[in-house]
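Peer 1: Sequential numbering of the sequence shown, starting at 1428, is according to the numbering used here.
No lab work stands behind these hints: they were computed from the structure.
Cross-link-like lysine-lysine pairs, in silico, DSS-like; alpha carbons within 27 Å at most:
| hint | residue 1 | residue 2 |
| --- | --- | --- |
| 1 | K1769 | K2208 |
| 2 | K2056 | K1604 |
| 3 | K2151 | K2208 |
| 4 | K2104 | K2151 |
| 5 | K2185 | K2167 |
| 6 | K2162 | K2056 |
| 7 | K2167 | K2104 |
| 8 | K2074 | K2056 |
Predicted, not measured: the structure shown is a model, and the values here were computed from it.
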Amino acid sequence: MKKKFYSNTLTILLCVVYILSSGIFVPLQAQAETGKTISTLEKANVLNKLTILRGDNGDYKLADSLLRCEAAAFIVRLLGKETYVLENKEDYWVTRFPDVISTEWYAPYVGYCTRNGIISGDEYGNFNPNAAISEKAFLKLILGSLGFEYGIDFTWEEVYRKAYQVGLVEDSTYLTKTADNFQYTRGQVVDVMFRALTIEYGTNKETLLGGLVKQNVVSLELVESLNIGKIGNISPGEDIIEEADVIEQIFVIDQNRLVLRLSKDIETIKAEQITIYKTHDFTNKLDVEIQAQSEQSLVINTSDQESLEDYTIEIRNAIYKNNKKQINLIGEFTGYENPELKSDFFRISKVKPISKNAIQVYFTHPVNINSEDSSYYVLFEGNQLFVQGNSQTLTVKASDTGEYITIYLNAREFSGEVNYILQVSGNLISAYGCKLNEGEGDSIKFRGVAIDPVDTANDEELRVIKISTVDSSTIQLDFNKEINPVLAKQIYNFYVTDENDIPYPIKKSKAVAYGGSNKSIAIGMQTPLINGKNYKIMINNINDISRQYSIIEKEYTFTAAYPQVTYISITNAYAVDNSTVVVQFNKMLDAASAVNVTNYQLYSSPGTTFVGNPAKVYYDEINKPYEVKLFLSEDKKLEAGKIYKVKILNTLQDYLGNNVFSASEFGFAGTNTQPVKPNITDAIIISGDAIKITFNKDIVQEMPNINPSNYLLQYTNGLNVVKKVPISIIYIDSKTMVLKFDSLDFETSYKISALELKDYSGTVTNLRTEQNSAVTVRMGKR
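Input sequences plus hints: build the corresponding full structure.
Peer 2: Dropping the structure here:
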C-alpha cells in the first residue's frame, strides 16, 4: 500500500493545529445545546485534560499574559509531538532566531514550529520569546491557520473585522475595532482555545478536537466524555494507526532534504537501502545520503528535487527492533515547492490555483491594466499545449492593488493533482515600466485544483452568500466570487424597499476589498434602516470580475440587525514631528473627503485656541484606509509642552458617503522635533533601464519632484565623471519613484541624488548644498 504526503498540505495542517494553541472564538456546541455558561476555569480544566494546558495545583495563572515561547509549547502539545521534540531536541534547539538561546527550555519547541512554517519572527529577524502576544497578533495567526492568507485575504487593519466575519469572535464591535489589545490575558487565551476546539474547517468539516483524536493525543472516549462539542469528521472506532509497511510521515524541508517519521523503532539504515525515484518514471532517481537517524526518524539529503514532481521513496530490508521482522517501507511525497520567488526585477513570484477554471498569478512588481492582454499567456499541461492565450480562450483581470492577476479559462478546466506550466511573454510591462524578465519572458510550474476551495457548490454561477447590516445606514452583500468594482459603485444596480414596497434611497455603493479580494459590496443608505424590520433588495445587474457570471434582476429579503449606530470618530492622534500629525479613525474614509483640508481643525489647550487647518492631507486608501497624515504649514508649528486637539467636522465622509454625526476630537501632545529633511534613502536597479528610489518621508506629486532634470546619476568612466538625468519618471506613491534611463550597466557603480524635494507641507528643500546627499545605487536581486 502506498500513501502520498504533500508538503504544502502538511504545513497547512501544522498551522491549523498551531492556531489551536492560539485559540479561536466560536459558539460552543455544548453551550448552545445546554444553555449553560462555562466558566474560564472550567474551560482551563478541560484543556488540561486534553494535555494542552498545564497548571500548578489548578492554578493556570489566568490573569497573566501569554508569552510567545509558551505559545510555541502549546503548539507542539497540540500536535502531539512533545515527546518526539524532547527526545530529538538536539535537532531543533538551534534556530534562526538570535534571541532564542539553544539551552533555554523553549528552544526545541520554537525550532520545531519554525521548521514546519508555523512561527515567524519580527521585521528584525527576532522571535521575542518573552514578549506577550497581543490579541490582534493572536487572531492573525488563527486566521492564517484556517487558510486565510495574510496580505491577500485580509490586512493587519482588517484582522478584527475578518475574525468577526469568519466567526472567530462574536462581539459585533469587532467590525469597527482597530486598536490592538496588548493586555491580552491567559484567561482570554483559554476562552479562545476552548472555542477553537469545535470549529469546523476545510472541505471535510474537520475540527481541531477531532484532529487530536486522530493523532492519538487523546482518546475518543475521553473526548466524548467531556461533551464539549463537535469532534468533526471522525467516527468511533476509526482506524488511526498507520500500516506497518507505510512510512508514517514525510516532511519536505527544502529542495535537498527530507525528514521521515516511522511508525516503529527500526535498526540502523544504510543509504544503499534507500531509493527515491519519480513516481511516473522509476528510472529517474535522486541521489541519497543519510544525514542523521534515530530509531523512528531519518534525515535524508537528496539531489535537487523538481518542484511539484511526485516521488516515491522505498527503504528495502528494514528491520523492526521489537520483533526483528524484515520489511520494505514505502511512501510518496511531492518535490519541494518554493512558496514564492523574491526578486527586485520583474518576475513571476508564485501561482495560486483558486478553482478548476482560475489561477492567481503574483509578480515581484505591481501590474496594471497592461497585464490584461490575454495573448501574453500560454498554458501547458505537462509538456503538451493546454491553452494558447487569446480573447476567446482566456480572460485576464488585474487586482485593484496590482499585486496579482487572475487568469480565467473560458472553455477548459484544470484537473486536480495535475502539473501545469504557465509561460508569460516578455512583452508584459509592470507598473514600474519594466519588461518581464528583461524582455525574455518567464514561466512557472503549478498544480491544478479541481474545485474552488471557497465556492465548492454551484461554481457556474454568481451567488449572494450573505446579506448583513453593518449599521443603520450600511448594507453589506457578500458574494461567492470577486465582484466587478465598476458595476458595484453604480447605485442604480440596486433597489431597496421595506416589506411594504416603500423604496429606501441609496446614497453610495462600492466594492469592499477585504484582504485584497473584492467579494463584498457595501451599500450606504440615505434613510436609516430600522432594527428588526424586514427589507428587500433587488440586484438589477452585477457581474464578477471576469464578466463571465452575472446576477440580473434578482430579489433578496433580509432583516436589519445591527448592534448600534456607529459614526466616524477619531480613535487616536499623535505628532510625528512639529509639522506632521497622524489621525486614525474607526471607519474607512471617502478618498476625496479625506484629503480635503477644511475637514480638519487644530486647537491648542488650554483655552482651545484655534491653530488652523492643515496645509495638506495625505490619505492612502489601499494600504492605510483608516488613517490620514496632516501636514502643517511653516507658520503653524507644534510646540513641546503644549496639548493640542484635532477636530473633524461633520463634512468629513466615510467610504459610503456617511457624514460625521457630531464633531469628533482627540487630544495629543505637541513636540519640538524638527521634521526630517526629505532625501533619497535607497536606490536599487530593478531592470536594465530603471532605478527605484525610496524617500525618507512623503513627497508630493508636484514639481520639482516629478521633473526628470531634478535627479542626477553619476559614475566614473576612467578619469572622467559622467552625469546623466533620467528620460522619464514614474510616480508610484508618496515615498517611491521609478527613474527610467536609456540603459544601465550592472557592473558600474552609480550614485544618485536629488537637487530639490518638496514635502507635503509645501516646503522645498534645496539639497544641492547638502553633503553626502548622493546615495549609492545598489544592484537588485535578479
